[in-house]
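**Q** Protein chains in written order, with this note's numbering: chain A, 1 to 186; chain B, 1 to 408; chain C, 1 to 357.
In short, the hints are calculated from the structure, not lab data.
We put the beta carbon where it would ideally sit given N, CA and C, even for glycine.
It is possible that some hints are incorrect.
No more than 20 Å apart at the CA atoms, straight line, and that leaves these computed lysine-lysine pairs for PhoX-like [stated by the list, open to error]:
1) 83/C <-> 40/C
2) 313/B <-> 295/B
3) 205/B <-> 195/B
4) 150/B <-> 195/B
5) 205/B <-> 218/B
6) 73/B <-> 160/A
7) 67/B <-> 150/B
8) 67/B <-> 166/A
9) 205/B <-> 160/A
10) 211/B <-> 337/C
11) 40/C <-> 150/B
12) 160/A <-> 112/A
13) 337/C <-> 174/A
14) 314/B <-> 328/B
15) 197/B <-> 150/B
16) 24/A <-> 112/A
17) 211/B <-> 336/C
18) 73/B <-> 328/B
Ranges between beta-carbon positions, derived for each pair [claimed, not checked]:
19) 155/A <-> 77/C: 43 to 51 Å
20) 82/C <-> 48/A: 31 to 39 Å
21) 21/C <-> 32/B: 53 to 61 Å
22) 32/B <-> 155/A: 23 to 31 Å
23) 78/C <-> 218/B: 52 to 60 Å
24) 321/B <-> 107/A: 39 to 47 Å
25) 318/C <-> 168/A: 49 to 57 Å
26) 58/C <-> 300/B: 50 to 58 Å
27) 155/A <-> 82/C: 32 to 40 Å
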Amino acid sequence: MSEEISTMETETPPETGELTTLLKQEFPDDVTDFHAHRDDETVVIERDALEAVCRFLRDDTRCSFEIMMDLTAVDRLEMNETPRFEMVYHFKSLTHARRLRLKVRLAEDDCKIASIHHLWKAVDWYERECFDMFGIVFEGHPDLRRILMYDEFEGHPLRKDYPIDKQQPLMELKEVEERHVYGRHA
Amino acid sequence: MTDMTVLQSRSEDASTGEDFSASVMSIEIGPAHPAMHGIVRFTTHLDGELIVGMDPEIGYLHRGFEKESENSKWIQVIPYTDRLNYVSPLLNNIGYSMAVEKLYGIQAPPRAEFTRVIMGEISRITDHLTCLGAVAMEIGAFTFFLWFIKAREYLWELVEEMTGARLTTNWTRFGGNHSDLPDGFLGDLADRLAKLKEVLTECDKLLTRNKIFIDRVKDVGAISKEDALSFGFTGPLLRACGIPYDVRRADSYSVYDELDFEIPVGSTGDCFDRFLVRMEEIRQSISIIEQAADKMPEGPFMTDERMMHFPDKKDVYGNIEGLIDHFKLVMEGHQPPAGEIYMPVEGGNGEIGFYLVSDGSGDPVRVRMRPPCFNFVAAMPAMTVGHYVADIVPIFGSVNMIGGELDR
Amino acid sequence: MEILLEIIMIPAVLAIIKIVVIVLLFALPLGTFLTLMERKWSAMIQDRVGPNRANIGNFTGHGIMHLAADGLKSIFKEDTMPKGADGFLYLIAPFFGLIAAVATFAIIPLAGPIGDFTFQVTDIEPGLLFIFAITSLSVYGAVLAGTSSNSKFALLGGTRASAQMISYEVFMGLALMGIFMVYGTTRVSGIVDGQNEYWFGSLIPMWGVFTQPLGFVLFFTALVAETKRAPFDAPEGESEIVAGYFLEYSGMRWSAFMLAEYVALVGVASLITTLFFGGYHIPWLHLWESAPQWLVTILQIIKFSVFTLFFCWFQIQLRWTVPKFRFDQTMALGWKKLLPLSLINLFVTAFVILAFA
Numbered sequence: 001m002s003e004e005i006s007t008m009e010t011e012t013p014p015e016t017g018e019l020t021t022l023l024k025q026e027f028p029d030d031v032t033d034f035h036a037h038r039d040d041e042t043v044v045i046e047r048d049a050l051e052a053v054c055r056f057l058r059d060d061t062r063c064s065f066e067i068m069m070d071l072t073a074v075d076r077l078e079m080n081e082t083p084r085f086e087m088v089y090h091f092k093s094l095t096h097a098r099r100l101r102l103k104v105r106l107a108e109d110d111c112k113i114a115s116i117h118h119l120w121k122a123v124d125w126y127e128r129e130c131f132d133m134f135g136i137v138f139e140g141h142p143d144l145r146r147i148l149m150y151d152e153f154e155g156h157p158l159r160k161d162y163p164i165d166k167q168q169p170l171m172e173l174k175e176v177e178e179r180h181v182y183g184r185h186a
Numbered sequence: 001m002t003d004m005t006v007l008q009s010r011s012e013d014a015s016t017g018e019d020f021s022a023s024v025m026s027i028e029i030g031p032a033h034p035a036m037h038g039i040v041r042f043t044t045h046l047d048g049e050l051i052v053g054m055d056p057e058i059g060y061l062h063r064g065f066e067k068e069s070e071n072s073k074w075i076q077v078i079p080y081t082d083r084l085n086y087v088s089p090l091l092n093n094i095g096y097s098m099a100v101e102k103l104y105g106i107q108a109p110p111r112a113e114f115t116r117v118i119m120g121e122i123s124r125i126t127d128h129l130t131c132l133g134a135v136a137m138e139i140g141a142f143t144f145f146l147w148f149i150k151a152r153e154y155l156w157e158l159v160e161e162m163t164g165a166r167l168t169t170n171w172t173r174f175g176g177n178h179s180d181l182p183d184g185f186l187g188d189l190a191d192r193l194a195k196l197k198e199v200l201t202e203c204d205k206l207l208t209r210n211k212i213f214i215d216r217v218k219d220v221g222a223i224s225k226e227d228a229l230s231f232g233f234t235g236p237l238l239r240a241c242g243i244p245y246d247v248r249r250a251d252s253y254s255v256y257d258e259l260d261f262e263i264p265v266g267s268t269g270d271c272f273d274r275f276l277v278r279m280e281e282i283r284q285s286i287s288i289i290e291q292a293a294d295k296m297p298e299g300p301f302m303t304d305e306r307m308m309h310f311p312d313k314k315d316v317y318g319n320i321e322g323l324i325d326h327f328k329l330v331m332e333g334h335q336p337p338a339g340e341i342y343m344p345v346e347g348g349n350g351e352i353g354f355y356l357v358s359d360g361s362g363d364p365v366r367v368r369m370r371p372p373c374f375n376f377v378a379a380m381p382a383m384t385v386g387h388y389v390a391d392i393v394p395i396f397g398s399v400n401m402i403g404g405e406l407d408r
Numbered sequence: 001m002e003i004l005l006e007i008i009m010i011p012a013v014l015a016i017i018k019i020v021v022i023v024l025l026f027a028l029p030l031g032t033f034l035t036l037m038e039r040k041w042s043a044m045i046q047d048r049v050g051p052n053r054a055n056i057g058n059f060t061g062h063g064i065m066h067l068a069a070d071g072l073k074s075i076f077k078e079d080t081m082p083k084g085a086d087g088f089l090y091l092i093a094p095f096f097g098l099i100a101a102v103a104t105f106a107i108i109p110l111a112g113p114i115g116d117f118t119f120q121v122t123d124i125e126p127g128l129l130f131i132f133a134i135t136s137l138s139v140y141g142a143v144l145a146g147t148s149s150n151s152k153f154a155l156l157g158g159t160r161a162s163a164q165m166i167s168y169e170v171f172m173g174l175a176l177m178g179i180f181m182v183y184g185t186t187r188v189s190g191i192v193d194g195q196n197e198y199w200f201g202s203l204i205p206m207w208g209v210f211t212q213p214l215g216f217v218l219f220f221t222a223l224v225a226e227t228k229r230a231p232f233d234a235p236e237g238e239s240e241i242v243a244g245y246f247l248e249y250s251g252m253r254w255s256a257f258m259l260a261e262y263v264a265l266v267g268v269a270s271l272i273t274t275l276f277f278g279g280y281h282i283p284w285l286h287l288w289e290s291a292p293q294w295l296v297t298i299l300q301i302i303k304f305s306v307f308t309l310f311f312c313w314f315q316i317q318l319r320w321t322v323p324k325f326r327f328d329q330t331m332a333l334g335w336k337k338l339l340p341l342s343l344i345n346l347f348v349t350a351f352v353i354l355a356f357a
């Protein structure tokens, strides 16, 4: 899809941006796709390389992406694309004034991915929201529970096969138990 | 530092048998609480008055913005964006419209851009006025809050003059705006800004150097630069830590590169720095508005591109292209070309990022709004543990959590 | 007729009549009136109008009818008690504050004595000490309310109230020791008479505020903290612990807390006037030799009322101008700054008295 967009718009072979070149150099087997539609550099990588790539992006001085801007997913069921889910990570580097979008494709029956919460502290809640909305399980996350929905909610709302007018079953009154308490973030 | 331990009474709660003699008390600073504006719940563990643990719970105002957007046309999402950050609705409108324009690859005409800058900055000022007023009110300076609300009223009158509503503005469109500047708007604008500056000076004298206020907010809720970056802070909270990151300068959009303004930066990242940064940003926004009003060009307020807005009636009834365009827009809606973009915009709280995915048909595949205060509330435990219960109030106030933006 | 006068002259009956007049006709109505005036004066500071809607048949009286409306509303509200609250203590807690606030008026003179008839309910020898004792009683109200409510927020408020009030009582006493030393007596009428002396011939009256300026500031601060008014209202902590120790009260019991706070406000103003601003004595009136007695009494009552009203106004506008202290800052202020100051005040006063008197 990304190649089609680029040829449609520019009619010249896609120029690979600096970051894309760098990533292709460092992780030659893992970069499966890339584009720079409307100047947003985007790179698609293999699922198993996620942790290594993210660590590289954060620590290497040629990239230094200090801020993890956004972490979300796209359900491509209605576009008839497989694999179904696409994890989207947005990064921002203040030192180099650059942005990058990282994508990882996940199949429907295997929507598990490594958690990168130990690299940026913001990721904790973003991954909880992704789990809540899409049902993607983040392996290694310390406290993967729903964040926007209540605990007894059934289903994952942002999936395309969750009908927008679905009714949830009524809940009974319950006692609130003690939950995990966050102390100082180390 | 006083070490207030809970009364070591051996009394038991008759109904639940809970033993009050435990030294760590769990208290719900619950959703229905005067200081929890926007609705959020903090389960706090207290040792006397000292906070030793905290667990925020959000989602009380989740209305399914993203799901609804997927079931609407692109243009129907604009009223939903009003209700995201509901104290600065125009900034959300502008952000979303600019994101869709980026998808299309078009630009709004200069007059529309300058008007958007003016309205956006007015919205930013109302956001900061509400935040600072709420912080002051909860610390006890009720008068400060009411004077800021009075100042905010002047701005709401301007917004109402332009868009027809105070909060549900629904004003920008793809390729331009819904309407042009009304007659006499720029004169009213100058008037109101003068009154606003008066109120700002008065309030500044009242509170900024007041010893009691400074004692409440200085060194409270400080966060280091590394932690702030790791938590994904943007906006006034990151600038208060000392990092001059402003989307209007870093990834300049609209006509901000033609306008001259400074970025106020703090040093320690505590509540007092955030307060001062926001006060200074109000003044900078006033200066931006004045410059934009001076530089306002003549011209159309909506782009000429086909299929971005309804054609004039004379074209609809006059020639076939107008008729077809009108028909297609009504029946199929906007159909931006397939692709995905991320458009960052500087909101009142920080970087509002719209991530839009389009597949070429008129139905959005994904509309994602990156909420700036999501990161702030995620960092609340890190900012409050080690402080007193009474410090939750200024810290949470300075975070400026807006329920509509956090929970969407 | 004579029998009636005879009965009235029995000291006990006279005292009761004076209580009725001073408390029921001066203190309580003024306190109630201040609940409305607080809202009106705060509205004036904040550029708005304040309550002005409650009416009976279109008579609003600029908001006076709100007093009736609030009273009726409180009476008709449900009298709740939280599950698990300690019954007896929960029920009696509101009244400690009210009793303490009203009892302060026992030793406050409204005007000068006419012959044997004093305008004071009673003029006991340890008048000043009586004040300390009574204000200490009001601590019980807050503490009992906080701990017996079976609610964590109320508990926090009650704990804060007990710590704050006890700490501020310490240097309240020390600040008044200066007054005792200057005027040489703890009898209130003696202190008021002492303020009728003049310096430099008949130029400056020896009011407490001139003889003990630091003592005045300390005493006033201590009293504002005792009545838990802003900026010392951490026990009431509106923003963080919602309403603090009276969180679980509603209806008339909550009104009792509110009334206690406002009557205490009037009590504070009266105390300050009596001890530091000459009480009922009008300075330089003695120069007008031929003033008739009834006129003098009336002028004295007016002077006392005006000064009391001024200090009520001052405390109210103080609340709306100044932000609130955090609780540990209140305690630090009391123990680390104001207590040493009161001790210094004591030593300096002693030194001055020994050196110049």
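**Q** So, for every hint listed, does it hold in this structure?
**A** Consistency of the hints with the structure:
1. 83/C <-> 40/C: 37 Å, violated
2. 313/B <-> 295/B: 31 Å, violated
3. 205/B <-> 195/B: 16 Å, holds
4. 150/B <-> 195/B: 10 Å, holds
5. 205/B <-> 218/B: Cα-Cα ~18 Å, so holds.
6. 73/B <-> 160/A: 16 Å, holds
7. 67/B <-> 150/B: Given pair residue 67/B, residue 150/B is violated - Cα atoms ~37 Å apart, limit 20 Å.
8. 67/B <-> 166/A: 12 Å, holds
9. 205/B <-> 160/A: 55 Å, violated
10. 211/B <-> 337/C: Cα-Cα ~15 Å, so holds.
11. 40/C <-> 150/B: The hint holds at about 18 Å.
12. 160/A <-> 112/A: Since the Cα atoms of residue 160/A and residue 112/A sit roughly 18 Å apart, the hinted pair holds (cutoff 20 Å).
13. 337/C <-> 174/A: The hint is violated at about 50 Å.
14. 314/B <-> 328/B: Roughly 17 Å separates the two Cα atoms, so the pair holds.
15. 197/B <-> 150/B: 12 Å, holds
16. 24/A <-> 112/A: Not OK: residue 24/A and residue 112/A at ~24 Å, beyond 20 Å, violated.
17. 211/B <-> 336/C: It holds: about 17 Å lies between the C-alpha atoms, which stays within 20 Å.
18. 73/B <-> 328/B: 13 Å, holds
19. 155/A <-> 77/C: 43 to 51 Å: 44 Å, holds
20. 82/C <-> 48/A: 31 to 39 Å: 57 Å Cβ-Cβ, so the 31 to 39 Å window is violated.
21. 21/C <-> 32/B: 53 to 61 Å: 46 Å, violated
22. 32/B <-> 155/A: 23 to 31 Å: 28 Å, holds
23. 78/C <-> 218/B: 52 to 60 Å: 44 Å Cβ-Cβ, so the 52 to 60 Å window is violated.
24. 321/B <-> 107/A: 39 to 47 Å: 46 Å, holds
25. 318/C <-> 168/A: 49 to 57 Å: 52 Å, holds
26. 58/C <-> 300/B: 50 to 58 Å: 56 Å, holds
27. 155/A <-> 82/C: 32 to 40 Å: Holds, since residue 155/A and residue 82/C (Cβ atoms, about 39 Å apart) stay within the stated range.
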